[in-house]
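Peer 1: Now for the letters of each chain:
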Amino acid sequence: MNVFLYQDKDTFFHRLDPRTKIFILLFSFFLTIFFKHPLFLTGVALFMLIHGYLSQCLVNVMKLKLPILLIALFSIITWGLSVKGTTPVWGRFTEESLSYGLAVALKLDSMIIAGIVFLSTTRNEEVSSGVIRLGIPYQVSFSLSLALRMIPTLIETATTVIEAQRSRGLDLQTKNIFTRMKRSIPLLAPIFLTTIRTTNQLAMALEARGFGLSKERTSYQEIGFTGRDYGVFGFLLLVALLVSFVLLRG
Amino acid sequence: MDSAVSVKNLSFRYKHGREKVLKDLSLEVPSGSMLVIMGRSGAGKSTFCACLNGLIPHLIKGDLEGKINTLGLNPHDCKVADFARLMGIVFQDFESQLFSTTVELEVAFGLENLGIPRNEMKARIEEALKKAGLAELKGRAPSTLSGGQKQRLAIASALALSPNLLCLDEPTTDLDPQGKDEVFTIASGLWKNERKTILMVEHETEEALQAEYIALFQEGALKEFGRTREVFSNIDLLKETGVRPPEILHLFHLLGDYPLPFTKEDAIKRLDSFLLDKDLSSYLKDADQEKVRGYGNELIRIESLHYEYPTGVKALNDVTLSVRQGEFLAILGQNGSGKTTLVKHFNNLISPQHGTVLLKGEHIQEKGIGEICQTAGLVFQNPDHQIFCERVEEDVAFSLKLLGLPNHEISTRVDSALKAVDLESLKHEDPFSLTKGQRQRVAVASILALRPEILILDEPTTGLDYLELQRMMELIQHLNQQGHTIIMITHSMWVAAEYAHRVVLMKDGRIIADGKTREVFSNGEKIKEAGIKPPPSVALSTQIGFTALSVEEMARCLKRKSA
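Protein chains in written order, with my numbering: chain X, 1062 to 1311; chain A, 239 to 801.
Just chain X, with the same shape it has in the complex:
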């Protein structure tokens, strides 16, 4: 089972230097922070989707459509009910509160989609070599990529443990959330212990393969800026100028 998001494709975005991809990700975050109006934010969200389309990883966005939709729904409802406005629409919902809720929904979802696109176009190892080149120590960036590596293992362990306990008659499909929480104890202990054991094994395997031996660690992957990357930077600069222009004009 492959739970990694990375899509092994050969698109323009896949071929970018990881640092450029990290920059695009940060830039996307900034865009979502700067805008406040749902209309502009729809534009931003579209921008993310186009990015996803061009890097052929909308499959992953589709895979996670349920949480994405839930987050949108949740923020529209909570903000719609809690923000005060002057133009009533229905019950406690007002035009202002709904617009604010929608904006938050678009912001969060745009960030999530940007994150998905980043992880779909960038290998784990690329993330760490990019981060190293940005001046972050190897140990830190490697821990980061190991954490990412552990997620699928954790999911797999959890799946097996759930099945094993279901075979002993543990019914997790009850509606009551408190009963469910109580019943998750038999799951947490085995998952926790299995994960600790895996982590210990991993630590031994890393040491045995010379982890932390040489100060001058070499890298098998070559990264470097090419015309493509400069093109992206140019484009983003243009977008930034356009955004500042729009924001200044109000």
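What the hints contain is simulated information worked out from the structure, not anything from laboratory work. Think of the CB as a built atom: it goes at the ideal place given N, C-alpha and C, for glycine as much as any other residue. Take these hints with a grain of salt, some might be off.
30 Å max Cα-Cα, derived DSSO-like pairs, lysine-lysine [said to hold, decoys possible]:
#1 A:Lys529 <-> A:Lys317
#2 A:Lys529 <-> X:Lys1126
#3 A:Lys317 <-> X:Lys1276
#4 A:Lys376 <-> X:Lys1124
#5 A:Lys552 <-> A:Lys771
#6 A:Lys360 <-> X:Lys1276
#7 A:Lys360 <-> X:Lys1070
#8 X:Lys1276 <-> A:Lys299
#9 X:Lys1243 <-> A:Lys360
#10 X:Lys1070 <-> A:Lys552
#11 A:Lys305 <-> A:Lys461
#12 X:Lys1243 <-> A:Lys305
Covered stretches of chain X (chain A as the covering partner; in silico rule of three or more C-beta atoms under 8 Å from a C-beta of chain A) [to be verified]:
#13 1184-1193
#14 1218-1230
#15 1253-1266
#16 1281-1295
With chain X's structure known, arrange chain A on it following the hints.
Peer 2: This is chain A only, laid out in the frame that chain X set:
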């Protein structure tokens, strides 16, 4: 003779451990040899390996005494990483040794750590992958490989650093027969062709026959060391140290015909002086038939069952199967042939997508989880995936409490379940302080307490030593004799041959053979199609005209020709 590893008076006690795991152990591993270390669980085999490159005492703490010399270095004075280019180590759990997103980058990891220049790295990666037979899979994600391929990748990652010594700690325990074969072929190839020193911990006696030397560990000390042939000829010693004797040697030991032949060819020649006892062999066949007559009602009926994973992989393809009360059924096949997917349908962990699953004549989807688990109990492969309580008895009582049974009923059932698995004396213990074999029995007890008519076991003997394994199988056999229907998945062919009454062979999601154990094992074609190898005694006896299912059975069927 110079030694790659030289250990003198080695003792080790784990921090918080009560007893020493290694007790005054001395051993020399000859340079350029292939040595297999065997012995019971807890005999100190893995501990010994971890001492050689300093994992003990640097990562695993405890009291270490004695002298160790690994390729001229003393692990005590070096870092573990210093050994990376001298000694490669491969562990049983291949999943937790791999962490990269491509095969190529996985092998590159060690080289990067050593600071090897990029252009040299490329050549070394390619060479290592070639030796491990993975050159074609360079760009694949390790998570998409088979178990055998993953373990070979772990070997390749160690090989890239061109160590002189390769230490493999139970590398094949979690693999299917094909994977086991692949790993042994690579390991013995590295010894024969590359003159590498291979040090291997292993339970599989038949595979260990390829080694040059065997070391038998017993309770933390070296019991015996010698050439493979000599050590394996001492059947009594093997039994004493908890090692399963190689079948062919064991057979001739039982026949009292010495010196024991080492190869199948020798064995066949030597069998010329024996006759097949026709009466006994036909009696055994009748006895097989007798068992079938004793079966009761149909408990499970599966009709044209299909199952497709969300990824589009077809795990089951038109499977039809019927299991009656009292049967002892073994499901055999390579990993990915659909065995586990099939048994997960028996207790509705997977609901049928297409086709029907009837449990005692009713559609399984219409039954509640409480009813199902009291009819069909599934014991998972790894007991650590289900044990969570602080005391053995609590863990066994868990499912009974879920059912809401009265307290006196719970304690009666817990006691009888623990009695059945012979763990009564440990009922107040912490399950995590027990051995793997004991934990496996706790897992069986916790299912038994539900009193299911059908007991399904997914690889119940994986990782157990020979004595624990025999004990587990005797337990299962006993439960079957008491009326439980047994369905067991196993990769151990001799276990299936010796204990099961019926065998189902699976391949690519289909059942390719289903019949009495003796009949299926005598069908060489189907066995081959499923990609498995019958145990040596079964193959040998089939060749001389009667399929015996164990060494003992074969020995009983042979009579010395009177001169």
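Peer 1: For each hint, tell me whether it holds in the structure or not.
Peer 2: So, going through the hints one by one against the coordinates:
| no. | hint | result |
| --- | --- | --- |
| 1 | A:Lys529 <-> A:Lys317 | 61 Å, violated |
| 2 | A:Lys529 <-> X:Lys1126 | 55 Å, violated |
| 3 | A:Lys317 <-> X:Lys1276 | 14 Å, holds |
| 4 | A:Lys376 <-> X:Lys1124 | 28 Å, holds |
| 5 | A:Lys552 <-> A:Lys771 | 25 Å, holds |
| 6 | A:Lys360 <-> X:Lys1276 | 21 Å, holds |
| 7 | A:Lys360 <-> X:Lys1070 | 22 Å, holds |
| 8 | X:Lys1276 <-> A:Lys299 | 26 Å, holds |
| 9 | X:Lys1243 <-> A:Lys360 | 53 Å, violated |
| 10 | X:Lys1070 <-> A:Lys552 | 25 Å, holds |
| 11 | A:Lys305 <-> A:Lys461 | 19 Å, holds |
| 12 | X:Lys1243 <-> A:Lys305 | 52 Å, violated |
| 13 | 1184-1193 | holds (count 3) |
| 14 | 1218-1230 | holds (count 10) |
| 15 | 1253-1266 | holds (count 10) |
| 16 | 1281-1295 | holds (count 3) |
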